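Protein chains: 4
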Amino acid sequence: MDVLIKNGTIATAEGSYKADLAIEKDKIAAISRNIEGEHGKVIDASGKLVMPGAIDVHVHLQLPFCGTVSADDFENGTKAAACGGVTSVIDFAIQKKGETLIDAVDARKAEADEKVCVDYALHAVPTDWGVNTAAEMEKLASDGITSFKMFMIYAKEGMISDDDALFSALETVSRFGGVVGVHAESVRVLDLLIERYHNEEDMKKYGAFCHVLSRPNFTEYEAISRAVTWAEATGGKLYIVHMSTGEGAEIVSKAHERGVKVFAETCPQYLLLDDSVFRKKDGHLYATCPQIKSKKDADRLWEGLATGDVSTIATDTCTFNTEQKAMWKGDFTKIPFGLPGVETLLPLAYSYGVVNNRLSLQKLVQTVSTNPAKIMGMYPEKGSLAVGSDADIVIFDPDRQIKLSHKDLQTNCDWSPFEGYELNGYPDVTICRGKVVAERGKFTGETGFGKFIKRRPGYDEL
Amino acid sequence: MDVLIKNGTIATAEGSYKADLAIEKDKIAAISRNIEGEHGKVIDASGKLVMPGAIDVHVHLQLPFCGTVSADDFENGTKAAACGGVTSVIDFAIQKKGETLIDAVDARKAEADEKVCVDYALHAVPTDWGVNTAAEMEKLASDGITSFKMFMIYAKEGMISDDDALFSALETVSRFGGVVGVHAESVRVLDLLIERYHNEEDMKKYGAFCHVLSRPNFTEYEAISRAVTWAEATGGKLYIVHMSTGEGAEIVSKAHERGVKVFAETCPQYLLLDDSVFRKKDGHLYATCPQIKSKKDADRLWEGLATGDVSTIATDTCTFNTEQKAMWKGDFTKIPFGLPGVETLLPLAYSYGVVNNRLSLQKLVQTVSTNPAKIMGMYPEKGSLAVGSDADIVIFDPDRQIKLSHKDLQTNCDWSPFEGYELNGYPDVTICRGKVVAERGKFTGETGFGKFIKRRPGYDEL
Amino acid sequence: MDVLIKNGTIATAEGSYKADLAIEKDKIAAISRNIEGEHGKVIDASGKLVMPGAIDVHVHLQLPFCGTVSADDFENGTKAAACGGVTSVIDFAIQKKGETLIDAVDARKAEADEKVCVDYALHAVPTDWGVNTAAEMEKLASDGITSFKMFMIYAKEGMISDDDALFSALETVSRFGGVVGVHAESVRVLDLLIERYHNEEDMKKYGAFCHVLSRPNFTEYEAISRAVTWAEATGGKLYIVHMSTGEGAEIVSKAHERGVKVFAETCPQYLLLDDSVFRKKDGHLYATCPQIKSKKDADRLWEGLATGDVSTIATDTCTFNTEQKAMWKGDFTKIPFGLPGVETLLPLAYSYGVVNNRLSLQKLVQTVSTNPAKIMGMYPEKGSLAVGSDADIVIFDPDRQIKLSHKDLQTNCDWSPFEGYELNGYPDVTICRGKVVAERGKFTGETGFGKFIKRRPGYDEL
Amino acid sequence: MDVLIKNGTIATAEGSYKADLAIEKDKIAAISRNIEGEHGKVIDASGKLVMPGAIDVHVHLQLPFCGTVSADDFENGTKAAACGGVTSVIDFAIQKKGETLIDAVDARKAEADEKVCVDYALHAVPTDWGVNTAAEMEKLASDGITSFKMFMIYAKEGMISDDDALFSALETVSRFGGVVGVHAESVRVLDLLIERYHNEEDMKKYGAFCHVLSRPNFTEYEAISRAVTWAEATGGKLYIVHMSTGEGAEIVSKAHERGVKVFAETCPQYLLLDDSVFRKKDGHLYATCPQIKSKKDADRLWEGLATGDVSTIATDTCTFNTEQKAMWKGDFTKIPFGLPGVETLLPLAYSYGVVNNRLSLQKLVQTVSTNPAKIMGMYPEKGSLAVGSDADIVIFDPDRQIKLSHKDLQTNCDWSPFEGYELNGYPDVTICRGKVVAERGKFTGETGFGKFIKRRPGYDEL
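Protein chains in written order, with numbering that gives the first Met the number 0: chain W, 0 to 461; chain U, 0 to 461; chain A, 0 to 461; chain R, 0 to 461.
Simulated from the structure, these hints should not be mistaken for laboratory data.
Take the hints with a grain of salt, since some may be wrong.
The list treats identical chains as one, so a pair stands whether inside a single copy or across any two.
Calculated lysine to any residue pairs in the SDA-like style (CA-CA distance at most 20 angstroms, straight line) [what the hints assert, rightly or not]: (1) K114 <-> K280; (2) K362 <-> D459; (3) K295 <-> N33; (4) K155 <-> Y351; (5) K362 <-> L461.
This structure is a prediction, so every number in the text was calculated from the model and none was measured.
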C-alpha cells in the first residue's frame, strides 16, 4: 500500500470505530482492524479522528467584485482549504451578459486548472436566461456540471434571475436530476430598504449597521418561501445557499414534510456570530450577503443541522482584506461583501458543534462532507471513507488546543471574523487523492495538483 | 483471515460501494478493494449485496398465550431468523405478578440460552410496578438490559402499565439513557368497544372483522399521543412498538420537531396488508394486536420510513399455526394474536421497499439493522459493517425470484400471511459472528450458538 | 312599556350603537332611536353601555366539599351574581353513587328553586356510569338539561368518569346535540405527583406551592388532548371547563381547524393571576383546581379569547372563607379548592380585557354572554339584546373607578383573590327578566325570583 | 314612521328573532316586537327574512378593458344590484400613468355620481407608485377613501404594483388603519406560462382551457403567501380579493394564527363552478382572472367561509356579453375577463350556502354584509340592522323557487354563468336608505339616488 493510517478512529456519516486504513494510489484500498506489511508511508493516527475530507461547496476564489478581486485566488484559496482539512471545493462560473453558460464554465476552468491545490468543481451561474439556456444546462450536466446557482437579487448588477428564469431552471434540472442553488433574498423590497437607508444621515448614525437595518429577516425568508414554491411546482431540486435565518429553517422543515426536494446550507458566520458585530468600530469588515443575523437565528440553524432541516455547512468564502474593505468609506452599499472561511470551516464546526454538543460527530461528518458530496453528485468518490472512494481524508486531532489568529492561517487575509476563538481540535494531516497536501496547518502539496471533478446528478433525499 | 467475502457490493446505512470484506474470528477484520492471501473460506458475492445482518427487535418465541404457546420456540424461531438473514433478535421477559423483574429476566434467559441459534437480547417487561421497580431497572441496565417494554392495554390480563407506571418508567430511563417501548392502545375505550362487539349477533355477522370494528385508529393514536406526552414531560426515551396507524406517524413527526426522544417501529404486516384480510374466510388467522389497518395507513407508514418518522421495521413474530388459531371458534376475543414473520422480514422489506422504490437501499439497511442497533444500544457491534464490528452479515441476492410459500420456510407455521407474494431478492448466506448460519434459506448453524447481547444505553437521535 | 332605558350605547356581540331600549313584562320589546310615551320606569343610560346580562355557566353554590360547604349558597350566590351584572348562572347536579342522574337533578333543583335570585340552570354530572345513564341523559335533555359535566379526575373521591364513560357520554350527546363539559386533568399521573409531594419535608419547604409542583401543565393538556380525541371520534360536542394552560388553547385551536366540535372556557383567575400567588404567606387561599398557571399561560389564554380558541369566561365560583381555607393546616391536599368570583366576573373582564385592549367590547359581550348562551342552548332568550329576548340586561358604567375590596361585595367571603385591583367600570343596574335586581352593586331584587331555565341543544359552532 | 316592516324574522350577524322594524327617513328607527301607529308605508314580511342589505365590495362597472367597456354601466349595474338585494357596491378608481391617484378618484366619481342607483364607494388603485403616492393615500383616507387595491400582475398592461410598491402601500395604510386589497397572482411565472400556451397548436387543441393550463394554483397561492409576508412585515392590513384556491385559504388560516391582519374574499364563481366549464364549447365565456379552479378548491373555500379563513363573498362583477366575449377568436389571451354577478350574489349564496347547510344564516349575513362593512370602514351605518344604522335592508323570501335565467335579470348580459341554477329564495324588497329600490327583482328606484359613501378605517379583526 502507498499510505497506511494506523490506529485511528474512523469517523463516518454512520458512526465511528477503530481501524487502520490503507491507500493505494489515489483510492482507499482497505479498512482493517490491523493492516500489516509493506507501505510507502505510515501515519500514526492514535488518538485522532480519521474522517472523509471536508467539502466546501461554496467558495468564491479570485472573484472580481466591487472593483477589486477577492484576495484568495485559486492557488492560495485551495492551499488554505488543504490546511483546513478541506479536500474539495466548489466555485462558481458566472455567465456574463451575451456569453454562453458553457463559455463561462470554460473561462473559469482556465483560471482554475493550473492553480488548484485540491480538487474542485464548478456551479454554473446563469444570469441571462434565454432560449438556449436550458439546453446549455443539459449539455453541461452531461459534461459533469450538474449544479447551477442563481441570484434572486442583484438586479442592478445584471445578475438577477427573476422568478421566470428560476422556474425555468428548476424545470430544466427536474429532467436530469440536477440541482439549482439560490441566493434567496427579495430583490424589490430589499432594494427599497437599501435605498431608504442610503442617505448621509442614517449612514452617519448607524454606520455598517445599515446593512442590518436594510435586510430584515423577511427579505430572506420570503425569497426562500417563493423558491420552495417553484421547486414544489416543478419537481426541480433546490439548494438554498448561505441560509441565515431561523424562519428559513422552518420553511425548509415544512417543505420536507410535504416531500419537496430542497436542501439548505448555512455557514459558520451565521452559526457563531450575531449582528451585533456590525455595531463594532470595524463592523464593515463583517459584511457578507446576506448579513449575519441574530443569536436566535443561530440557535435555530444549529437545531436545523441536528434535525436535518439544514443539510450542509459551507463557507461562502470570499476573502477581502482590511484595505479592500476600507473602500466602503462609510457607505454600506459599497462594502465588498465576503469573508475568509474555507480554512477554518472544519475546526470551527468541530469545536463549536461537536465539543459544545450541538452536533454529534456523525452529524458533523454528514454536514461538512457526506451530505455535500451526495447533494452535489460526487458521492461516494468524495465524502466517504468507503473502500474504492477517493482517498480524500483528514486526520483530525481532537486534543489540539488553538486560539485562532489570522496570523497562523494560510489565507491572504489580515484579519479574521473569528479572531481569538478557542479551537478544541484541528486538522493534523490532510490527504487529497492519496497525497498528503497539508500537515498541522501548513500546506505541503503542490500547485496544480487539484483536479476538476466531473459530477453526476445528486441525491434527492439524504 | 477466516472468511473472505469477495466482489460484493457493500451496502451500509450511509451508502454502497464495491469491496471485499474479511472476517477474523467473530469480527469484521478488513474491508478492502481487493483482499488476497490465505483464507479459511472464500465466498463469492459477485452481483450480491453485502449488508449488516438484519436485527429483529420484536419477537415472541415460545410465548404462552391464550392457553397455548407460540409455535416457534427459541430454537426454531432463531433458525428461522438465520434463514431470513436476521442475525440478532430481541425477545421479552415479562414479569409475573409478585415476581421481580430480575427474576423474570433470569427465567427467560434460562429458556433461551441453550436453544438460540443467532444472538439475542431481552426487553424486560414490568407488569407490576412497585417501589423497587425503578431500582431493578437500573440494576438490569448495568447488566446489559437497557430497554423495557410496557403494555398500555391488557388490564384484565393483569399486564397493563397504566399512566403512572409508564410515567415512572420513563422518568427512570431518563436517568441512565435507557428506552421504554410501549404497546400503545387506549385500554378503556378499547375494552368498551370490544365488549360492544362481543355478542353473538355481531360476531355471526362480522366474524373476525369484529377485531377491526373494535379497534378504530383512534384507539392506537390516542395512546401514542399520551405516551409521547409522558416522554416529553420526563425526558425519557420512548419506543413505540408495532405502530400501525398513519396518525401515529404524524404524531411522531410532530414530536421530532419539538425534540422529543421518541422512535417508532412498524412491521411488514402493517406495510403490506390491509384490513380487508379480516373479511376473508380465514380472516381470523391474520389477527394480531394491534390489527392491520387500511391501505392509507400503510402508505403513511412507508412515507414515515422514508422520512424518519418511523425508524425501524421489526416483525412482532408470534407464530400460531392454523390449529392454534382455530381455538377462536368464532369469538374474536379468543383468537391467539400473532403472526410468523422473522424469517420473511428482510426479503419482504427489500422486495416491496427497495424494488418498489419506497425505500432507498441505504434506508433499508438503516431501518432493519443500523437503527435498531443504535436505538437498542448495541451499535456498532451490531448493525454495522465497520471494521471491528461483529461479523453479522447477510449476503443478499437481489436477482433471486421466489414466490413465497410457507412450505419453503423454516418457521413452524402451516400458513403465511404473505403466501404467494413475489419476492425479488432473498438472503443467500447469513453469517453470525463469523459463522455461516444459513445458506439459501436453509439453516446450517448449530443450536445454542447464539449469545445473549449485553447492551448499553442507545442513541437519542439517529 | 314597563321599563325604558334611554340614551345608552347598545353593545352586542355584533357591534355597538346608540338607541333606547324598552321592556314589556319580561321581554325586550323595542329598540329604537327615540322611544317616547308612557313607561312604568325610565332609566337614563347616558354615557353607559347597555349589554345583555352576563351568564356565568360555572358556579358551585352551597357545595359540600372537604367536609364543609361552599360559603355562598343559592340565595347569597345569586344575589352576588345580580350585583355583578350576572343574570343567569349554571350550577351542577352531581350524581351520588347509586342514585340516578335524574334524582340528582331533582334534589339539586329542590335546593335551589326557592332561593335563587337570578335565573339558573343545571349541568347534570354523571359519576357512576351504568347501563341506564345514556337513557337518563336523553330524558334530561328532553326536560331542558342538555349539558353534562364529567370529572376526569377525583378517582379516590369516586367522582371520576374514566375514558370509557367519557367516550360513552360523548356518543350519547352526539345523538341529540347536547354537550359534555370536562374537568380535564390526567388522573393517574396527577395522583402520582400529588403523592410524591405529599410528605412532611416538601410540604414544610414549599407550603401551598406543592399544589403547583404536583400539577405541571402537562397534567392538564394531556387530558384535554385525550378528551378532544374522544370528541372527534364520537362526533360529540365537548366543552372544556376552567382551562388554565396555554397548551390547552393550542390544542383547541388545532381541533377547530379539523372541525372538531369543542369549546373552551377559562376563568378570571387564570387570566389575571399567576402561580406566584402560591408562594405568598396566604397562598393556600388561592387554591383552585386546576391551579393558577404562569403569566405565559395567561397571555395565551387572552390571545385565545381574542381569536376564538377560548369561547367563554366563567368563574368556577366556589366560595370558601379564610376560616374554611384554614382547615388545610399545611397539607396542600386538604385545602378546600375554590374561589369567590361570580360577582366580579364582568367588571374584571371589562377592566382588564376591554380597557387594556385585550378584547374588543364586542368580544367581551360574546365571551361573557352570547357565547355561553349559544353553547349552552339558551340563545336567543338569553345572551342577546334582540327584540323578543328575555330582558336580561346590565347597564354598565365605564366611567366608574373602583378599587376592589371584598368588603364592598355581596359574597360571603372575607377575602378576595383580586383585592385591591383597580376596576375601570362597574355594573350600574342589573335587570333580570325585566326586573331590576341590583343597583350600583347592591341587591334590590327578591329571593326566589330566579327561574330554572329549560334549555335546548346548543350551537355547534359560533 | 316612514316605513314599517312587520312580522318578519330579523336576521343579523349575531342571530335571528322575530320583530317589527321601523324606518324614519333614511335610518332604522326602531326594532320592536309590535310597532303600531301611523306609518307612511307598511310592508308585511311574514315568512320572510329581514336582513341588512348585501354589500358587494368588488364590482367593475363600465370598465374599459380589452378595447371594449364592461356592459353594465354605473346605472344599469346598480339597478341590477338593487334587484339582487345589494344596497352598496364598491367600484375602483384606477390610476392612469402620469395621473395622480386623487385625479383618478375624481374622474371615477364624475362617471358614477349621476348614475348610481344604490350607494357606492371607491377603492383607489395606484398603478404608478411615486414619491407622492403615500401622501395621496393619506389625503384620500381623510376624504373617506380608506381602501386601496393593487394588481400584482398586469406588468405589460402597465398596471402592476410590484413588491416594492405593495410593501410601501402596506406601510402607508398601517399608519392610518386603511386596507390594501390585492389581486394576487405571480406575475413572472404566470406570464411565462401564458406565453408557453400562447401558440396555435395548443390553442387549437385546448381552446379556452389554455386559461386553466397557464394558471396552476401555485400562480395564485405563491402571490398570496408573498403579500401576507409583506403585511406581516409592515403591520399593514391586507385584503385578498377574489381568492380562488384552497391553498390560499390555508395560508390565510395560518396567518390568522400568527395574528397577521389579513382578510380574504371569494366569489360565487369560485364556490359554485369548477374549471371543467372551460372545456365547454362556450368555455371562453367563463373566463375571469383568476380563473375558476377545481371542486376541491371550492370545498376548501366554503369551509373557509364557515371557519373565518375567508371573510367575505363579493362578485368581481365585470359584465361582458357574448358578442364582447367573441372578440377572443380562439386566442385565450384576448378574452375580456369578467362575469356578471352583483345581481345574483345574495340568492346564490343563500341557496347554495344556507339551504345546502354550508353556511348558517348568521354566517351568510356576516359574509355578504356585516364583514364587508366592517372591513371596508362603513359599519355600523352599513351592514347592520341596528337602530341608527342606514335603512339598507333586504326582505328576502326563503320560499320563492326560481330557476335562474339571464332573461329575468336586470344585467345587460345575454347569458349567465349560473343559467338554470335552482334558487331557493330570492329578494322580495330592497330598501336603500329608507327608499324601496326594487321589488321582486324589478328596479323601482331612481337613477342618481345612490350616494358616495365616505368611509373610516375598518376593523382589524372580525
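Structure-based check of all given hints:
no., hint, in the structure
1, K114 <-> K280, "neither (36 angstroms within a copy, 66 angstroms between copies)"
2, K362 <-> D459, "both (18 angstroms within a copy, 13 angstroms between copies)"
3, K295 <-> N33, "neither (47 angstroms within a copy, 51 angstroms between copies)"
4, K155 <-> Y351, "neither (38 angstroms within a copy, 52 angstroms between copies)"
5, K362 <-> L461, "both (12 angstroms within a copy, 9 angstroms between copies)"
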